[in-house]
Amino acid sequence: MSQDNAIETEGLTKRFGDLIAVDHIDLTARAGTVFGVLGPNGAGKTTMVRMLATLSQPTAGTARVGGFDIVRDAGAVRNLIGLTGQFAGIDELLTGEENLRFIGRLLGMPTKDARARARELLAEFDLSDAADKAAKTYSGGMRRRLDLAASLVGRPRILFLDEPTTGLDPRARGELWGLVRGLVADGTTVLLTTQYLEEADQLAHEIAVIDRGKVIATGTPTQLKAKIGGQSLRIQPEDHEQLDIVRLIVSTRFPDLDPVVENGAITIGVNDDGIMPALAADLRDRGVALTEFHLGLSSLDEVFLTLTGRRAEPETEDEPIEEEAK
Amino acid sequence: MTAATITAPATVRPGIGPTVSQILSMAWRQMVRIKHNPFELVDLSLSPVMFLLLFVYVFGGQMAGSTSEYLQYVLGGLIAQNAIFLTMYTGTGINADLRKGVYDRFRSLPIARSAPLAGKIFADMFKQVWSVVIMLGLGLLMGFELRSVAGAILAALVLVVFALAISWVSVLMGVVADSEEKVQIYAFVIIMPLTFTSSAFVDIDTMPGFMQAWAKVNPVTHLADAMRGLLSYGPIAEPLLWTFAWAAAILAITAPLAMRAYKRKMV
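So the sequence lines, in the order shown, correspond to chains A and B.
The first sequence lines up with residues 1 to 326 when you count with my numbering.
The second sequence lines up with residues 1001 to 1267 when you count with my numbering.
Derived by calculation from the structure, the hints in this document are not laboratory data.
Please note that the accuracy of each hint is not assured.
As the list claims (entries may be wrong) - Short derived list, chain A residues pointing at chain B, Cβ under 8 Å:
1. 94
2. 98
3. 221
To be verified - Capping the alpha-carbon separation at 25 Å, the derived lysine-lysine pairs in PhoX-like fashion look like this:
4. 136/A - 1263/B
5. 133/A - 112/A
6. 1265/B - 133/A
7. 227/A - 214/A
8. 1216/B - 136/A
9. 1100/B - 1182/B
10. 133/A - 1100/B
11. 1100/B - 1265/B
12. 1100/B - 1263/B
13. 225/A - 214/A
14. 1263/B - 112/A
Only a predicted model underlies this, so the values are computations on that prediction, with no experimental measurement involved.
A virtual CB, placed ideally from N, CA and C, is assigned to each residue, including glycine.
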């Protein structure tokens, strides 16, 4: 294994009875980078992270984390990693400071050091004011920050973040992104799973898109966006009647594109925002007044539509870990 | 890793020393939980207080001719019964932590596999001692005549040893069950009949033959007799011996089963 690779998997597979949750996944995350695993609910992201974090054992295949085999050298792997799961692993009755101090003591730090490390992390994560309040009084964003801090007490070199911002509002999400960037700047390797293309785009150096347990695309965010039409242009005419004219104009100018008509607006996937002025001119010439002419990053849904030809159906539950584990 | 102020543990920490310190850290967490939620102790005290008052002042006269005489008999039995009921909370607590993802964090840390479970059991012994103090205190107020102070201390110790062992039954249920409610149902279905078919509340000589046969071997009988012997009157050595034998047997069977089920959860 190369020194530069923090995480390497070969044919990593996990079955729960008939369900193949993770299906022969090969991926490589370079040390000191953020590796993004992008996929909808039920794609196998959590199952994969649980295996890499030594919480569960693969059915087939191998993986090395920090150079150690996740099955044979699980103990050595645990010395290197931190994990922040989808469900916060914090004790709601304890204060933020106590939660962190507790982890420090578990890791064998003398009480004084555990206390100092807790205070240090609380300050770093902007939680000092709430340090002595019970975690149950924390907002969603604060809870995630505390959970992230708890995974950092032992200064892990490799950090697993399983959907760290799911359910957070945009501001809290942005704050968490800033913290992750800071960790990576200090040399930590991060494996991040997410349902948000924007999040992967913002943080990851490399992305693997997974669907039904399989990797369906990999690359840098730029490569991936080039492949899938990373941006989407949404055009909504003021007058609903003019929707057909808009569609005509769009398909005349871009015969290759496949416009989607939905809720009185037309959406097309584009790679080149240079098309916007030409399109705007065409629309103006035909006298179409617009309420919306907006270029945005494609949603995961659109990514999936492009890659798989079907929509990413949001499933209610992620992998049925507890049920299937029996 | 940066050369920072505090060094993180650099190697896997096996061995007895670190494991004990991890168990103590786990227990510390449980103590802090009680500090933040002291009502839990009131909650714990309600049912033993109620049982003691009801049994003595409702059944006492009929059972033993006088409430004071029945109090001398039943206090040891009630303490034994309550201790067994209390162990149920170990299982429900572990079940809640397992479902909330707290154990995922523990399992990703370089700590002994047994530390989270053992720490919880260990911490819950504080609740056992607390309950003995409450029940004995109330008993004394009601006129209980204590055999000796040394006996009371020894009784608490024996109770803790027995509870440590049978807590593993509860841990096993906590790990296997998919909800706290199920742990409670399993526990009641086992604990209720177990404690009532013993010498905890009545002299087993009054039971029909088949019931006597069972009651004589029932571990609760031995524990209740041991408590009665140490606190009030009656033989001490023989029930103590049987109590420890049962504790050892239950521990030997359920602790490995619970640990196996716990490790299986990692599939």
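Structure-based check of all given hints:
| no. | hint | verdict |
| --- | --- | --- |
| 1 | 94 | holds (6 Å) |
| 2 | 98 | holds (6 Å) |
| 3 | 221 | violated (28 Å) |
| 4 | 136/A - 1263/B | violated (29 Å) |
| 5 | 133/A - 112/A | holds (20 Å) |
| 6 | 1265/B - 133/A | violated (33 Å) |
| 7 | 227/A - 214/A | holds (18 Å) |
| 8 | 1216/B - 136/A | violated (49 Å) |
| 9 | 1100/B - 1182/B | holds (16 Å) |
| 10 | 133/A - 1100/B | holds (20 Å) |
| 11 | 1100/B - 1265/B | holds (14 Å) |
| 12 | 1100/B - 1263/B | holds (17 Å) |
| 13 | 225/A - 214/A | holds (19 Å) |
| 14 | 1263/B - 112/A | violated (33 Å) |
When each numbered hint is compared with the structure, violations occur for hints 3, 4, 6, 8 and 14.
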